[in-house]
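Letter by letter, the chains look like this.
Protein chains: 2
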Amino acid sequence: MSEIRKRTVGDASAVTQDVNDDHKEDVESEDDGKIEVDLLAKTLPQGTNHTPEILDAALSSLPDRWRNWVIRGIFTWLMIAGFCLIIYGGPLALMVTTLIVQVKCFEEIINIGYAVYRIHGLPWFRSLSWYFLITSNYFFYGENLMDYFAVVINRTGYLRILVTYHRFISFCLYIVGFVWFVLSLVKKYYMKQFSLFAWTHVALLIVVMQSYLIIQNIFEGLIWFIVPVSMIVINDMMAYVFGFFFGRTPLIKLSPKKTWEGFIGGGISTVILGLLMSYVMCQYRYFVCPIEYSEALGRMTMDCEPSSLFRPQEYTLPECLQTITKMFNWKSTVTVYPFLLHSLSMSVFSSVIGPFGGFFASGFKRAFKIKDFGDVIPGHGGIMDRFDCQYLMATFVNVYISSFIHTASPQKLLQQVYNLKPEQQLQLYNTLQAALENRGLLNES
Amino acid sequence: MSEIRKRTVGDASAVTQDVNDDHKEDVESEDDGKIEVDLLAKTLPQGTNHTPEILDAALSSLPDRWRNWVIRGIFTWLMIAGFCLIIYGGPLALMVTTLIVQVKCFEEIINIGYAVYRIHGLPWFRSLSWYFLITSNYFFYGENLMDYFAVVINRTGYLRILVTYHRFISFCLYIVGFVWFVLSLVKKYYMKQFSLFAWTHVALLIVVMQSYLIIQNIFEGLIWFIVPVSMIVINDMMAYVFGFFFGRTPLIKLSPKKTWEGFIGGGISTVILGLLMSYVMCQYRYFVCPIEYSEALGRMTMDCEPSSLFRPQEYTLPECLQTITKMFNWKSTVTVYPFLLHSLSMSVFSSVIGPFGGFFASGFKRAFKIKDFGDVIPGHGGIMDRFDCQYLMATFVNVYISSFIHTASPQKLLQQVYNLKPEQQLQLYNTLQAALENRGLLNES
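Just so you know, the sequences run in chain order L and S. With this note's numbering, letter number 375 in the first sequence gets 375, and the count goes up by one each step, no holes. With this note's numbering, letter number 294 in the second sequence gets 294, and the count goes up by one each step, no holes.
Hints are not guaranteed to be accurate.
The list treats identical chains as one, so a pair stands whether inside a single copy or across any two.
To be verified - Here are the simulated DSSO-like cross-link-like pairs (lysine-lysine), alpha carbons at most 27 Å apart as the crow flies: (1) Lys188 <-> Lys253; (2) Lys187 <-> Lys257; (3) Lys257 <-> Lys188; (4) Lys187 <-> Lys253.
Hints are computed from structural coordinates only; laboratory data are not their basis.
Make the full structure from the sequences, and use the hints.
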C-alpha cells in the first residue's frame, strides 16, 4: 500500500523522465513496444491528484507529501465507514455494491486496454466489451440466483423457461457477441482487435468470474465475506504502518517500497486482528447464518440455528503443548469456535499470498506505465487499485468453503430437487421414502 | 477451407510484399505494431510446404497448384481414416487423442505468442506456460473423472483425499504458478511478460476448457462426439467442393475465397449427411450408450437400454404439412428417432455458426501475418488449423446436452442424496415432505 502512495507523489516526473530516456535509445531498442507504451502514458488516466475542491483548499497550507497523506487517510476511513454502512444495509446492499465495484473495475481495465492499443476509430468495440460484460453477468448471476430462488422461480411460468435453458440462452448471447466481433473485423486493425478481444476476456475472467465467487461467499453467511475482506484491508494497512516505522529490508524488486518488516508485521497483525474479529462475529446470527429463501416466510432470511462451526467446541491440545500446560497445572483442553481455525487459515493466506495480488497489479501498472487504474478515490487511485487482492482472496475463500466446509449439504440438494417438475419431485420423494424404509432409517407408518 | 489452401500457395510472396510496403510508410503509420508484426512473419513457423520426401518425389512432375491439391487430399483421407480407427479403439483412445490434440494446439498458440512478443531471454516463461497447462488439465480432468469413477475412488483411501480436496489442491497448484510468475517479472520485460501471461490464459481458456467439454460429451455417448465432429468436417469439405464448382458471390471480406455458394451448399450437405449419419448410428448401442462405470462388472461399460432419444417415436406433422399429406392420402404422422431432431439443430449450428470459428481463426492468422498455426499435417498446416471450429462446436453440443437432454434427472439427484450421511438424508426427506404437503402435491396422511 505504501508503495502505491509514494509512487503517486513522485511519479509524474519519473514517467516523463522515462519517456525522454527511451527516445534517446529507441533506434536500437530491443523492446519494440516500449516507445509507444511510454508515449501512451500521457494519454492514460493518471488520476490520484483529483481531490475535492473544499479539501484542497483546506489543506493547501500543508506540504505536498503530508497533504496527500491526509487525503489518503481521510478517504481510507470514509471507505471503511462506507463498508460498515453497507454491511448494516444487509446482503442485498452488499451484492449491489459488488456489482457496482465489478462494473467499475471492468471499465478501468478496458479503458487501459483502449489507451494501450489506441483504438479510437472502432465504435463497435466499446459496445462489444460492454455486451460481453452484460452477457457474462447474465450467465454468472443467473447461475447464482437460480440456486437460491428456486422456489420463487418455479412458481412463475416464464421464469421457469429462463432457468431451464439458462446455459443455452447465455451461450446464444455469447455467440451473438462472437459473430458480431468477427463481422466487425477491419483489415487495418486486425491485430489490435484481436488483442483487445483477448484483453476483454481476461478482464471478464478476473472481474466477473470472481465477483460471482464473492456473491456465492455472501450467500454462505456474511462472515465469509466480511472477515476475508477485512483481512486484506488490515494486512494492507498494518503492512504500511509497520513498513513506515520499522521498514529497512527491501522485500521484492517489483515494489521497491515494500519491506520484510512491513510484510511480517502486517502478517502477524492480520492473524491477531482476524481472530479477534472472527471471535466477535461468531456470536451474531446476522453474520453466521447462510442467506436462504424461506418458503414459510416468503422472503430471504438470515435466521438459523448456527451450524457447529459457530458453536464453542472443546479441543484437546497437541501433546507437545500438554506437557507445558501440565507444568502449570492448566487444563489440557481449549474451548474455541471451530470457525476460528478457518479464520486462521484465511489470515495466513491473506498475509502470505495476498500481497502477491498487489505485486501483480503493481507490475501490471508498471508494464503499461500507469500510476493507478483510475482516479475515482482521492488519494487511492481507481477502484481496481483497492480491490486487486480482494479478488484473489475471494477465490481462495470460495475454494476453501467448497473443499472444507461444504461437503454436499442437504439444503443445496433440496434446491435442485425443487427445480424438477412436480411429478419428478413426487417420484423422487417416493423412491427416497422406499429406500429409507428399506434401510430401517424410517418407520413405516 | 479453400481459402487457407489457396493462401498457402501464393502467400510467401504476399507477405514479403506487405513487409516492403509497410517500410515505405512506417514513419506516419497509425498502426504502430504493424512493422514488427510483418517482420516477425519471417520468424514464425510458416509451415505447409513441409511434405514427406517420397510424396514430394512422386508428385514432382505435377504443376504446383495440383501437387498441393493432391497432398491435401491424401492427408484429408488419411486423417478421416485415422479418426475411424480411433473410434474403433473406443472411448479411451478418443480421450487420449483429445488430450494429445489439446497439447499440440496449446503448443502452437503459445509458439505464436513467443514469436509475436519475441521472448528468448526468459527461460521461466516456457516452463510457466506448460505448468499452467498441466495445472488446468489436472483441475478439469479431475472434475470429469471424479464424477464417473466415484465408486472406485471412494474405495481407495488416498484417492478419496484427492477427490475431496480436488478444488483446493488445484487452486494451490495455480497459486504456485501465479506466485512464480510474479517472482519471474523482470523490469525490462514487464509488458511482454504480462502480454504472454494473458496469451497463455486465453489459450488455456480456448484449448483446455473446451477439450474438457469434449470429454464430457464423449461420456454422454460416442454419438454426441462423432456426429458433431463429422458435421464440421463435412461442412468444411462440402463448402470447399461447392465453392470450387459454383462459387461466385464472395461471402465475407475476412476470407475472400469463401463464397455464398459454398456456404449454402455446404450447409445443405451438412444437414442431409448429418441426418443420414445420425440415422445409421442411432441403431448401434456402441454409439448411443453413455459411458458408465459398472459396479457389478468392475469396469467401464457402454451397454445399456438405449434412452428414448434413440428409440423410434411417432410424431404428428404440423398442420400446414398435414394439408399436403392429406392431398396425397399419406399418413399424417412420421416415425423417427428423436435424436434426429437434435442432429438437425446441431447441423444447423455447425453450418451457420461453425464457419465463424474458421473466420475467427483466419482473422487471427492474418492479424499476426502467419499462414498456418503450424506445419504438422502436410497440406493442412497445424493441428489448430483443423480444429478451430471443433472447439466452438464442442461447446455448443455440451451446452445443448445440459439444456435439452440432461434436465436434472431425479435419478442423478437421488444418487447424490444417497451420498449424504443417514441423518442428513432423513432431514432432506422430512423437509421435502413438508414442502410437498405445503404445496398440496402430497396428501397429508
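Going down the list of hints, with the structure as the test:
1. In this homomeric assembly, Lys188 and Lys253 come within 27 Å of each other (Cα to Cα) only across copies, at 12 Å, whereas the closest approach inside a single copy is 39 Å.
2. With identical chains, the CA atoms of Lys187 and Lys257 are at most 27 Å apart between copies only, with a shortest distance of 15 Å across copies and 45 Å within one.
3. For the identical chains of this complex, Lys257 and Lys188 are inter-copy neighbours only, at 19 Å across copies versus 43 Å inside a copy, given an alpha-carbon limit of 27 Å.
4. Taking identical chains as interchangeable, the C-alpha atoms of Lys187 and Lys253 lie at most 27 Å apart only when they sit on different chains, with a minimum of 9 Å there against 41 Å within one chain.
Every hint from the earlier list agrees with this structure, and none is contradicted.
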